[in-house]
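Student: One-letter residues, chain by chain:
Protein chains: 2
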Amino acid sequence: MVQVAVMGYGVVGSGVVEVLTQHVESIAKRTKEEIAIKYILDIRDFPDSPFQDKFTKNFEDILNDDEVKVVAEVMGGVNPAYDFTKRCLEKGKSVVTSNKELVATKGAELLKIAKENNVNYLFEASVGGGIPIIRPLSQCLAANDVIEIAGILNGTTNFILTKMIRENMSFEDALAMAQRLGYAERNPAADIEGHDASRKICILASLAYGRHVYPEYVNTQGITKITLEDVAYASSWGGVIKLIGQVKRLEDNTLDITVEPMLIEKNSQLANVDDVFNGILVRGDSTGDVVFYGKGAGKLPTASAVVADIMDCVKHLNKRKYLDWADGDGSIVKPYPETKYPVYIRAESDYDKQTVMSKVSDLFTNARAIVRANAEDKEIAFVTDDMTVNSQLEAIEALEKEGIKVLSKIRISDL
Amino acid sequence: MVQVAVMGYGVVGSGVVEVLTQHVESIAKRTKEEIAIKYILDIRDFPDSPFQDKFTKNFEDILNDDEVKVVAEVMGGVNPAYDFTKRCLEKGKSVVTSNKELVATKGAELLKIAKENNVNYLFEASVGGGIPIIRPLSQCLAANDVIEIAGILNGTTNFILTKMIRENMSFEDALAMAQRLGYAERNPAADIEGHDASRKICILASLAYGRHVYPEYVNTQGITKITLEDVAYASSWGGVIKLIGQVKRLEDNTLDITVEPMLIEKNSQLANVDDVFNGILVRGDSTGDVVFYGKGAGKLPTASAVVADIMDCVKHLNKRKYLDWADGDGSIVKPYPETKYPVYIRAESDYDKQTVMSKVSDLFTNARAIVRANAEDKEIAFVTDDMTVNSQLEAIEALEKEGIKVLSKIRISDL
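Protein chains in written order, with our numbering: chain A, 1 to 415; chain B, 1 to 415.
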């Protein structure tokens, strides 16, 4: 019998308790050990909970109980989760988590502390909810050099974009609907501004390339500026707009890492990942493209990933898993202005279209106009070949000096 | 430095040697050990190979060399792979393999021998080539009760069906093309008769449900009887025909396990898995549907999965991974005639359509006619609701007594 503690009794935490108690026999069979919950930490009261006797408001109860071998940190946020995690690891307890913010900002340090104390720090649930991705990436694809990872990593924004694409719903209406359905928080900033996806691509990049990539070095744009006009142009171009978290290793060994909306061709594996689903593509030098698909969030999917990590820790008490990366700094990331990609641009002006396209052609690499039905006369849109972000911005500035106003600029993906 | 041996220098074996030698540094970094190939076993000569000094024709060289800790068995077939694997495990060497035939027919026994000798027997490459599935199923989804697994597990047949669906190519022409492109063997029986897919679903079922399911208990049909008429009816019904390996746990705790062509709705996650790609859907009670997608075969994808297993063995020398299942017998499988599903049937007769459909309606549960363009007058097709296979066959017999000849009968999937 192994005793565990669950810190945080929110959506994921209550799911962890549910999965652990409802699968108690099959879990015992697979781990060869029964797993029992000794404590649930939460500052709130849950008078109607059947787990009354397990609740505590005092973290020290967990910390100082040597019987507790594994702790699930499902509180979210950096504080106090960081402090609690650190102290548990230092006390020789393994910690598992769904807390992507903490892993993305403190992962290297916490992994190091885990190593020093011969315990494990696992976080399968931090990316892709119930979709297996951390273990496949670190173990099954270990014999590959990872060329690229690209994913739809945030279900809320994917739901909003799907509504915009499929039902021509405005961003505001789609967001309101996501909030009504419980897919978006009342304060949706972490999702719609891209921070959630940014944390996840940082975790995947750190794992794939062995050095911690911090969110502060990652260009992060959300979907708040995407309009139905852009959606229509993407469609006539032959694709869809998706919020993509992406990392690839460049020839100079720096990483092109970004979270931003991208135009994706319709026949790409990620183009059909819709609604609240997540899809993650890993391009290995040996294995080619492998795609993982499923619900990226939600109580039970995420909880089941946390519990799988608990089971792994129980099977590896006093043995180290080889999940590990070194600390890193900004030098491993290519400065975003120097990254290079083709771009879609939408603009408006009072010139006739031919005049605009002639000016555009002078400034952008191989610009081709694209059209949509019911466009206003003064609207124009085009796509280019590869240009650095710097040269895109210079060209846009020059265009605006000519009185042509740029309304949208969206990266075109090579997926 | 850990010494390994590779048994079999065919497509996969030469790929394993290539991946091990070309990634030697990154592999050493990840396993904290350098991995060196000491022997390559093959009865053939490879005078031009740069690995001349490693070749041996004598299995005993490997068996009796205590320096060899891990052996990759990539010979294929049951004999002599079974004997070699058994003896290596008994000698305290871990074995990894891509040999689905051996795992499907001797898995329980070999896993038991591995356990008794405190070594590992790993086979990530046996299903899905380079797609991670064995580890995700046994570890990441461990906290789930697996409700169902369904997959496109064989790239060759999927290529043939894709050509039939997309280009209206006949089965024979598509097979010939697959052979020309090297996707199908000169003797394609194992692929087109469904045996390859059957071995793979047996492995997945054994892993998910904890008891060995042998291929002999699995209803196994290939795609040789699928015609372009069926493809056209599937399309007008709103789907495609795919060769699916599927297992689900029934209420009486037996398994409905089968390999057969199925009609799949167009919006199913597996309907768009085309060409030589594989897709595997795992439905868990907590995590919902998770889909794994990628190239299911090929030299480097498969080899990289074998090498990932080698790396895992090197990291777990003298430690057991928890990959394990008990022996099983036919009693865990629902007899196929008692399984229940809706079915598509194509028939011909000289009666007028109304007369035929009236006879059909008397015999089949909720039969609905479906149509296709350019059908001959005497052709008729319909789909039903759930019926046991037994009652389907009885109804077909009665129909044929009335002079209505049944040409095709294909399961309709609930995916």
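It is worth saying that the hints were derived from the structure and are not from the lab. Positions of the beta carbon are idealized from the N, C-alpha and C atoms, including for glycine. Honestly, I wouldn't trust all of these hints.
[As the list claims (entries may be wrong)] Among the chain B residues that face chain A by a calculated CB cut under 10 Å, a handful are:
| hint | residue |
| --- | --- |
| 1 | G10 |
| 2 | V11 |
| 3 | S14 |
| 4 | G15 |
| 5 | R87 |
| 6 | P301 |
| 7 | L317 |
Student: Confirm or reject each hint.
Tutor: How the hints compare with the structure:
1. G10: Violated, about 17 Å.
2. V11: Violated, because the Cβ-Cβ distance from V11 (chain B) to chain A comes to roughly 13 Å (cut-off 10 Å).
3. S14: violated, 13 Å
4. G15: holds, 8 Å
5. R87: violated, 26 Å
6. P301: Where the cut-off is 10 Å and the nearest Cβ of chain A is about 4 Å from P301 (chain B), the hint holds.
7. L317: violated, 12 Å
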